[in-house]
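Participant: Residue strings, one per chain:
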Amino acid sequence: AQKVTQTQTSISVMEKTTVTMDCVYETQDSSYFLFWYKQTASGEIVFLIRQDSYKKENATVGHYSLNFQKPKSSIGLIITATQIEDSAVYFCAMREGAGGADRLTFGKGTQLIIQP
Amino acid sequence: GPKVLQIPSHQIIDMGQMVTLNCDPVSNHLYFYWYKQILGQQMEFLVNFYNGKVMEKSKLFKDQFSVERPDGSYFTLKIQPTALEDSAVYFCASSLGWSSQNTLYFGAGTRLSVL
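For the protein sequence lines, the chains are A and B, in the order given. Start counting the first sequence at 18; every next residue gets the next number (my numbering). Start counting the second sequence at 1273; every next residue gets the next number (my numbering).
The following block holds chain A by itself, in its conformation from the complex (with noise of 0.2 Å):
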């Protein structure tokens, strides 16, 4: 069964600075897609970036970029030049497989707080 665990319940840095959020997962599938989201304070549930599994470059979106480690089963967001605005709960999101099941396993969430 498939599984996404994100260990960090809270994280506080101050602004301009970078800060990793961890996520590891656990699949049988070969092929799976990885996904990172942001709740707002207002409940809004924003999609900020992904990372397929049989590509070996890590996907990057602006000041977001992840490091995947696949030996590790492991898929770090890192948030470089960090904005008070970059304050909310991310989420990290796996899918299963190219066809089949059609559906997110998600992480608990990281509380991410930016400091002035």
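Calculated directly from the structure, the hints in this document are not laboratory data. Hints may be right or wrong, so weigh each one.
To be verified - Straight-line C-alpha distance at most 27 Å; calculated BS3-like pairs for lysine-lysine:
#	chain 1	residue 1	chain 2	residue 2
1	A	125	B	1331
2	A	125	A	33
3	B	1331	A	20
4	B	1329	A	20
5	B	1334	A	125
6	B	1275	A	125
Just so it is clear, the structure is predicted and the values come from calculations on it, not from any experiment.
Please arrange chain B on chain A, whose structure you already have, making use of the hints.
Facilitator: Only chain B this time, still in chain A's reference frame:
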């Protein structure tokens, strides 16, 4: 980015009553989903819906749950009758195609409180 709207944001009802949660998905999207999040826990998949049919459902999608999207209007989740354990935040999502190839966009959730 594309917006998924959920109405209402909070619903309080008595156990045993019926409740309908409404979702207005992104206009050109074809795949629709409901996820459930109990306080302090991760979001969990309930059901996905395409072309007027439920494609998959999880064990959390009890017999008292149903979904529909009549004539391209709201995508709804109906619970009849409700139980105390149905208290949670319910998130609707939509995508253009399967999530392996397309991004899932989520609404802000409806907090359901069953008393």
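Participant: If a hint holds in the structure, say so; if it does not, say that too.
Facilitator: Status of each hint after checking the structure:
no. : hint             : result
1   : 125(A) - 1331(B) : 19 Å, holds
2   : 125(A) - 33(A)   : 26 Å, holds
3   : 1331(B) - 20(A)  : 16 Å, holds
4   : 1329(B) - 20(A)  : 18 Å, holds
5   : 1334(B) - 125(A) : 23 Å, holds
6   : 1275(B) - 125(A) : 23 Å, holds
When the structure is compared with the earlier hints, no violation turns up for any of them.
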